[in-house]
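Each chain, written out:
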Amino acid sequence: MKLHYEISGDDFLAAGKASSAVKKVLSQLSVNPAIIRKVAIAMYEAEINTVIHGGGGCADVIISPDNIKMIFKDNGPGIPNIELAMKEGYSTATTEIRELGFGAGMGLPNMKKYSDDMVVTSEVGKGTTVTMTVNL
Amino acid sequence: MKLIEVKNILNATVFTNHSDDYLANVEVNQACGADLMSDVLAYVKDKGLLLTGLMNLQVIRTAEMMDINSICFVRGKKPSQDLIDLANDTNLVLLGTENPLYVSCGKLYNNGLIC
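Chains as they are written, first to last, in my numbering: chain A, 1 to 136; chain B, 1 to 115.
A few of these clues could be false.
Stated by the list, open to error - Straight line, CA to CA, 25 Å or less: simulated DSS-like cross-link-like pairs of lysine-lysine:
1) LYS38(A) / LYS47(B)
2) LYS2(B) / LYS78(B)
3) LYS24(A) / LYS47(B)
4) LYS69(A) / LYS45(B)
Since the hints were derived computationally from the structure, they do not count as laboratory data. Just so you know, these numbers come straight off a predicted model, no measurement behind them.
Throw the hints in and build the complete structure from the sequences for me.
Below, the structure is given as structure tokens:
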């Protein structure tokens, strides 16, 4: 099963709709709740990042017998130093985003924590793609 | 601890359409006091209560993703209708107390609800 979601970069408060929809689909498919939770958290963090940092983008979710793959793509400014961005507490989020409860520099580390595999590719000025896999 | 006990200890109001009978059957295994959703997403386990002074739609979304079953807004804050609607849609109980965050956590901890 393949699912596709467009993620608006204009409305931070609307972020999370795709993650919520995927969570419902996985529940309907009777996937193990612990797996659903991992997917939901990893995907939600990625969705928030796509809005905050990527200026919007899209998410593709591929549900296979062996795993669930989540691919997030944006056309934002890109990540100059991925190793630095992966460090807990490192953040480039604005004050406005921090006031809304996010931007503490935990997004990427958390996405890695809740997925079994994560690959980040990014080019400055062109955008970022994050592929996360959660095994079933 | 049952959620009805949380309601009574904090003298809380219920904003969502959940009855006291429903609250009496909801188990709260742990609680967390935080205004930073990034920390909630990183550290909180499931089936818990989130106490917060932060009020926006992402608080509800965060709870939904984390399988948190209840949120208590502190310092007398009242959620807007869009938050209440989203919480009802996801069967999340929204409470509100006049107590500040520190006092709310202390009262629950004293009554045996640990993190």
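- Query: Between LYS38(A) and LYS47(B), is the straight-line Cα distance small enough, at 25 Å or below?
  - Reply: OK: LYS38(A) and LYS47(B) at ~14 Å, within 25 Å.
- LYS69(A) and LYS45(B): Cα distance at most 25 Å? Within the cut-off at roughly 23 Å; holds.
- LYS2(B) and LYS78(B): Cα distance at most 25 Å? Holds, at about 23 Å.
- Straight-line Cα separation of LYS24(A) and LYS47(B) no greater than 25 Å? holds, 17 Å
Hint compliance for this structure: every hint is met.
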